[in-house]
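Engineer: Those letters in the sequence shown? Residues 11 to 463, by this note's numbering.
Bear in mind the hints are in silico, worked out from the structure with no lab data behind them. From the three backbone atoms N, C-alpha and C, an ideal C-beta is built for every residue, glycine too. Any given hint could be a false lead.
[As the list claims (entries may be wrong)] Derived pair list, reagent style PhoX-like, types lysine-lysine, alpha-carbon separation capped at 25 angstroms:
| no. | residue 1 | residue 2 |
| --- | --- | --- |
| 1 | Lys456 | Lys247 |
| 2 | Lys247 | Lys99 |
| 3 | Lys99 | Lys321 |
| 4 | Lys456 | Lys99 |
[As the list claims (entries may be wrong)] Listed next, with one range per pair, are the computed distances between beta-carbon atoms:
| no. | residue 1 | residue 2 | range |
| --- | --- | --- | --- |
| 5 | Phe448 | Val117 | 43 to 51 angstroms |
| 6 | Arg373 | Thr101 | 31 to 39 angstroms |
| 7 | Val447 | Tyr353 | 36 to 44 angstroms |
| 8 | Gly200 | Gly345 | 45 to 53 angstroms |
| 9 | Val419 | Phe348 | 33 to 41 angstroms |
| 10 | Leu439 | Phe244 | 22 to 30 angstroms |
| 11 | Val117 | Val186 | 22 to 30 angstroms |
| 12 | Tyr424 | Gly345 | 45 to 53 angstroms |
| 13 | Gly24 | Val117 | 34 to 42 angstroms |
| 14 | Gly200 | Gly320 | 49 to 57 angstroms |
| 15 | Leu346 | Pro131 | 35 to 43 angstroms |
| 16 | Gln455 | Gln132 | 48 to 56 angstroms |
| 17 | Ile242 | Val419 | 46 to 54 angstroms |
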Amino acid sequence: MKRGVSRTVDMTEGSIWRHMVSFAVPVLLGNLFQQLYNTFDSIVVGRFAGKDALAAVASSGNLIFMMISFFVGLSMGAGVIISRWFGGKDTERLEAAIHTNVAFGCVCGILLTVAGMTFTPQILVWMRTPENVLPLSIQYFRIFFAGSLASVLYNTFTGIMRAVGDSRTPLLFLIVASVTNIALDLLFVGALDMGVAGAATATVISQCLSAVLCARRLMRMEEPCRLHLRSIRFDRKQLRLIVSQGIPAGVQNSIIAIANVVVQSNINTFGDSVMAGHGAYSKVEGFTFLPITAFSMALTTFIGQNLGAGKHERARQGARFGVVSAMLLAEAIGGLIFLLAPYAIALFNDDPEVIAVGVQAARTEAFFFFALAMAHAISAVMRGIGRAQVPMYTMLGCWCLLRVAYITVALQYYRSVLVIFTAYPLTWLASCVVFAVFYFRIDWQKVARPELL
């Protein structure tokens with residue numbers, strides 16, 4: 011048989027910090043490129059198509075995240091199971107889990123396409139999107155969701171690669187997709203004056219390209235990690251395990267997204283300048299998620315592989331290193347955002363009101379990013395040990411119910427967008443208290459094996 015391409019990494023041996031950092035850095039760089047081209051979307055639209063178009067695109071993040079987050083969470087659950095089988099050298103179950111995950115991704119992508127195309131207009135109305143922005147928002151979202159299958163499959167494919175320790179290949183493909191997206195943005199929005207439709211079309215094309223490249227790589231990998239198109243089917247046992255870990259992660263993502271959609275609906279009531287300013291800040295804030303996401307993914311993979319191999323103490327040491335690293339890096343980026351906020355927001359739009367709103371949001375939240383990092387990192391640890399229900403319930407209580415209740419009540423007494431901005435650090439800190447209790451109570455010697463999850 012022709013030898014395949016192998017970039018898998020066994021994290022059960024060798025230096026803990028070196029494995030964690032070498033995995034996290036490509037993820038961080040990949041997320042950086044993704045954030046750059048998402049930001050570039052908003053910059054190009056804001057500069058070439060105006061404030062209303064910027065409001066339509068920049069405010070899209072929460073609704074898009076709400077629609078895809080559940081399916082991304084299911085993929086995260088699959089990564090936990092795949093990393094366990096990979097670490098435990100169980101090739102038969104590993105192959106079954108990989109092909110079941112891809113089959114599941116195909117179904118989820120089709121469902122998301124139908125749901126997004128069908129329900130987006132009504133959701134935008136529920137979000138109280140201003141009438142002058144609504145037509146542009148509907149146009150953007152419908153084009154975006156037409157490419158949902160590619161988006162879901164890309165996340166599925168990269169989740170498989172990262173579960174077996176390969177975080178470099180997704181980086182390479184994401185760079186290609188980012189450069190493609192930027193070039194198409196300039197062509198469609200700048201040269202051809204297609205506005206938000208051009209920005210959405212550029213995003214869909216780049217997502218399709220990255221999904222195709224990832225599929226091609228998986229079909230060339232060494233056994234047992236190779237993807238065989240004819241073997242894509244559901245294995246009942248693996249599907250049960252994937253769903254048992256993925257549904258809590260999916261619900262957790264959806265809870266956060268729903269809360270943010272409610273928050274966005276409140277922001278929309280302050281008008282298009284506040285929408286544009288907060289939307290621009292959200293793109294800048296996205297850079298804070300780079301180390302958080304990188305170390306969260308590294309944590310889940312590292313813990314999953316080592317628990318699969320029965321190395322519980324090594325998993326504990328990796329968890330501690332990953333949580334602390336994510337917190338320190340996020341706080342450092344928060345300091346930079348605090349200082350550079352006026353210049354960063356001005357890149358999107360030079361309207362003084364838009365800049366003032368974006369700077370106010372940045373300087374309210376920037377020094378609390380350590381709490382955001384801690385919450386996400388411990389969530390990743392809990393998923394890695396098979397306790398995905400813990401972050402789900404914590405996020406439900408703190409990031410959804412508490413956040414929405416605080417905003418709803420506070421706005422009745424103090425009608426200011428500052429109320430919304432302060433809701434984030436307050437709920438991040440509240441969740442950290444809960445997560446700390448669960449984290450320090452983990453008995454690493456009694457963490458369940460995957461067949462008992």
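Engineer: For a quick check of understanding: which of the numbered hints are violated here, in increasing order?
Structural biologist: 5, 6, 8, 9, 10, 12
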